[in-house]
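Peer 1: Chain A is already provided as a structure; the job is to place chain B on it using the hints.
Sequence order for the protein chains is A and B. Here the first sequence is numbered in my numbering, starting from 2 and rising by one per residue. Here the second sequence is numbered in my numbering, starting from 6 and rising by one per residue.
In case anyone wonders, no lab produced these hints; they're calculated from the structure. Among the hints, a few may not be true.
[Stated by the list, open to error] FRET-style restraints, in silico, Cβ to Cβ:
hint : chain 1 : residue 1 : chain 2 : residue 2 : range
1    : A       : 15        : B       : 369       : 35 to 41 Å
2    : A       : 240       : B       : 249       : 28 to 34 Å
3    : B       : 130       : A       : 303       : 36 to 42 Å
4    : A       : 318       : B       : 62        : 32 to 38 Å
5    : A       : 123       : B       : 232       : 56 to 62 Å
6    : B       : 250       : A       : 212       : 44 to 50 Å
Glycine is no exception: its CB is placed at the ideal position from the N, C-alpha and C atoms.
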Amino acid sequence: MTKLNIAHIVKGEVVEGNETEHGALVTPALNLDSLVWSRREPLPAADVSLDEVIDLLVEVGTRLDPDTNPWLGEAMAWAGESGSLSPRLVEESYRGLPGLFSKESLRFQVETELGWSAATGWSDIPDPWGGTHHVRAFPPRLVHVVAGNTPGTAAVTIVRGALTRGVNLMKLGSDDPLTASAILRTMAEVAPDHPTLRSFSAVYWKGGDRSIENALFRPQYFDKLVAWGGEAAIRNALSYIGPGFELVAFDPKVSISLVGHEALQSNLTLKESAAAAATDITIYNQGACASSRFIYAEGTRGDLREWCEVLAAEMGLDRPLSDGCGVPVPEDVRDEVEGLRFLPDDYEVFGNFTTGTVVLSDEPVSFHPDGKVVNVVAVPSLDSALEYVTVATQTIGIYPRARGVEMRDALASCGMQRLVALGEVSTKVPGVPHDGFFPLHRLVRWLVDDTGTI
Amino acid sequence: MSDARQQLVSRVASDRPFEVERSALESMWLSAANDLLAERRQQIPVLSRVADSTGVESISSLEDLVPLLFAHSVYKSYPRSLLDKRRWDGLTNWLDTVAASSVKDVDLKGVETQDDWVAALARSGHPVYASSGTSGKSSFLPATPGDREFTMSCIIRAVQWQHQIQPDQSNAVVVLAPSQGSSRALEYYRLFAQLYGDPDRTYFLTDEPALLSDLTRMASLTKSIADGTAMPSELTAFEADMADRRRRIDDDWDRLADVVVGMSGDRVIIQGFWAQQWTLVERLRSRGVAHLPLHEDSLLGVGGGTKGANLPPDFEAQIFEFYGLSASRQASGYGMSELSAAMPQIGDRYVIQPWIIPLILSEDGTELINPSSGQHEGRFAFFDTAIEGRWGGLISGDRVIADFDTPNVTIVAGSVARYSDLRGGEDDRLTCAGTVDAFVRSLTGDGT
Chain A
2 MTKLNIAHIV KGEVVEGNET EHGALVTPAL NLDSLVWSRR EPLPAADVSL DEVIDLLVEV
62 GTRLDPDTNP WLGEAMAWAG ESGSLSPRLV EESYRGLPGL FSKESLRFQV ETELGWSAAT
122 GWSDIPDPWG GTHHVRAFPP RLVHVVAGNT PGTAAVTIVR GALTRGVNLM KLGSDDPLTA
182 SAILRTMAEV APDHPTLRSF SAVYWKGGDR SIENALFRPQ YFDKLVAWGG EAAIRNALSY
242 IGPGFELVAF DPKVSISLVG HEALQSNLTL KESAAAAATD ITIYNQGACA SSRFIYAEGT
302 RGDLREWCEV LAAEMGLDRP LSDGCGVPVP EDVRDEVEGL RFLPDDYEVF GNFTTGTVVL
362 SDEPVSFHPD GKVVNVVAVP SLDSALEYVT VATQTIGIYP RARGVEMRDA LASCGMQRLV
422 ALGEVSTKVP GVPHDGFFPL HRLVRWLVDD TGTI
Chain B
6 MSDARQQLVS RVASDRPFEV ERSALESMWL SAANDLLAER RQQIPVLSRV ADSTGVESIS
66 SLEDLVPLLF AHSVYKSYPR SLLDKRRWDG LTNWLDTVAA SSVKDVDLKG VETQDDWVAA
126 LARSGHPVYA SSGTSGKSSF LPATPGDREF TMSCIIRAVQ WQHQIQPDQS NAVVVLAPSQ
186 GSSRALEYYR LFAQLYGDPD RTYFLTDEPA LLSDLTRMAS LTKSIADGTA MPSELTAFEA
246 DMADRRRRID DDWDRLADVV VGMSGDRVII QGFWAQQWTL VERLRSRGVA HLPLHEDSLL
306 GVGGGTKGAN LPPDFEAQIF EFYGLSASRQ ASGYGMSELS AAMPQIGDRY VIQPWIIPLI
366 LSEDGTELIN PSSGQHEGRF AFFDTAIEGR WGGLISGDRV IADFDTPNVT IVAGSVARYS
426 DLRGGEDDRL TCAGTVDAFV RSLTGDGT
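Bound-form chain A, shown alone (with noise of 0.2 Å):
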């Protein structure tokens, strides 16, 4: 196995050294010490206009080209052979990098998650007694348990983290440890010595280590621990949460899709609504939250077949965000898959374990379809669907888009978070709710002046 030296950003500063090694991946020791802002200074970039942080991210979106930019370019390189993502998927990824740092995004999420005037000072807001508040969206302090199946969170991390104006210690995962270091040192070489790279450092240390986590991971230093994803990695913060230090976790999710009877209408609708399905199962080969497992489909099993069949087929291409074909099966799900095949009364099989599979079956199968395998269940009418939308359900993708406004109450009522016509899961924005909230809105600190009430 070859070993990967990575650096370490730390307050903005490139920290090089192999002292401490973690299976592949060998890191610069750390000092402890350094991964603190003290809250006897000023946040170093608190009071530095939202402009010119907006400024500084456009322009750092401008040197994201994997091609021109060297340390862009290793990442890319290495995730390229290390992840479970083709190449060709990963530079997809990568690719799509700088359209995260555009002025119009930036400026949007702000506008829509605190509000401008909050955003960059004292707002005021007249309450009904005649007093009158002076509130602001305070720069938080913030840890950052940052996942790494794709680029996009690392990049997301330091736009949220840049916008809010506060601190923000990046603990990196295994398995990109190198994508955010290459945004802040592309940011280092816009703006050397610029508050807002004064206010990030991106290291590494083995995720649950106790030596560490438990010296770091305090009200006295940070505000908030951010999560993303990872059972584990969820329930291992909350260990430390406690008066004073709070979670914002990205929860992990499962996503599913509803098709309607429309769906097989035509021809044309059951093509169209196949090709959008396979789009949203096949998200990042199915690696991904808002990536669909199980389809409830209007029909009997009898009236799917054909539809089943078409969507195997179109799992099979290639597509911007998917591989039509060699994404590993995980074992167990293999095993789950050829059982079924032996009970053809209640489970029949399309499609195959190189190109995707589609088990379409009355009730939902009992293990967690992945690497591209989806269950399709047939459903007697979209509601007898609401049964199996539980809080664990991210996205929704539905067919067609027309039904949503019927559904929605339902779904949300169930515990559903985003709904989406179907074939267009990858196309959300910032700047609207993501897991149930503003993320931003959730980041920074709330607080109100109120000397202003008479």
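Peer 2: Just chain B now, kept in the frame of chain A:
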């Protein structure tokens, strides 16, 4: 039974059947495997499918066997909803796809639980070994009555091979497990106690059976929590039941500790997995017994994984020291219900019976390693030519170190570990994708 198979299997009659040179076996192995493939692919639907899809028509080398081996999960490949919905006919149909002779003639009248189902199959001449799994899904291994007898006749002799102890009903025997239940280990304990134990000095932990349906009940409740249909009162009722059960088990351990305290200086055989052996020692210590010296010819029948049991690293030494026994006074081995005969530990090796073809594979289970000499690490797989009731080829989940310098292949004692455990811990990957399991806080079972 073909000639080659007959010759291999009949070695069971010899004194020490595992002491045969590999070179004397290999040609018989291939011939027996060939005959079995031809016969079983007509009988076992899953095998016929595997053979068709891999295109392996005959076995001319051990390599040819590899694609035909079943994953160990095949024996629990039924959909869990069959258990949740108590669809015993569906479960029977599934079992039929992995069984060598049809099990569909089972009488399912009155079957309410998995345990009833297993009992009904046994009554119809289709004994099934069930082993509980963590997901609430048990493995079910179809067998014939002959398989069952054969297996027991083999594993019951291990202490004769290892320690020259005879089945003369003269021994004090303590079994750290229930006297009832349908796993192979429990059946072995029962038979052992019956053949080796003095009826007046044989003790089991409890007569309350170990039920598969207890686990399923837990799994069903977990599922209804996940679905959002479980009500709070169901959770408290379940917790209370579990607490009751724990108290009963606690009382059982106390009762057994009372008995064992009185055995100081006696020659005793204590049967139980490491975790249970440790529990007994801890129980005795908690009563202020610092040491309980047993007669030097006493024996601990041990084994089993220790994961999750929270044992100190030197648990083994502590246990032997507690009883004042030499560490050689253990009867251990490596086995699994899927094998017709466990591999007893003789010296520092687990030895393999001649009718079992050992196959050491690459970690991913696709390549045969089996070299001509030396010690090699790999995934343990085998083709067991003695089994009548199902396909004998299986890939285990275990990492082993196999020794090819011994007369037949042996496994280095203590080298067995599960790949799933070995892989755990090193992984520091985070993804946003989750399962509903993350949203179900586990039930403690202690009523708190």
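Peer 1: Please name the hints from earlier in the document that this structure breaks, with their numbers sorted from lowest to highest.
Peer 2: 5, 6
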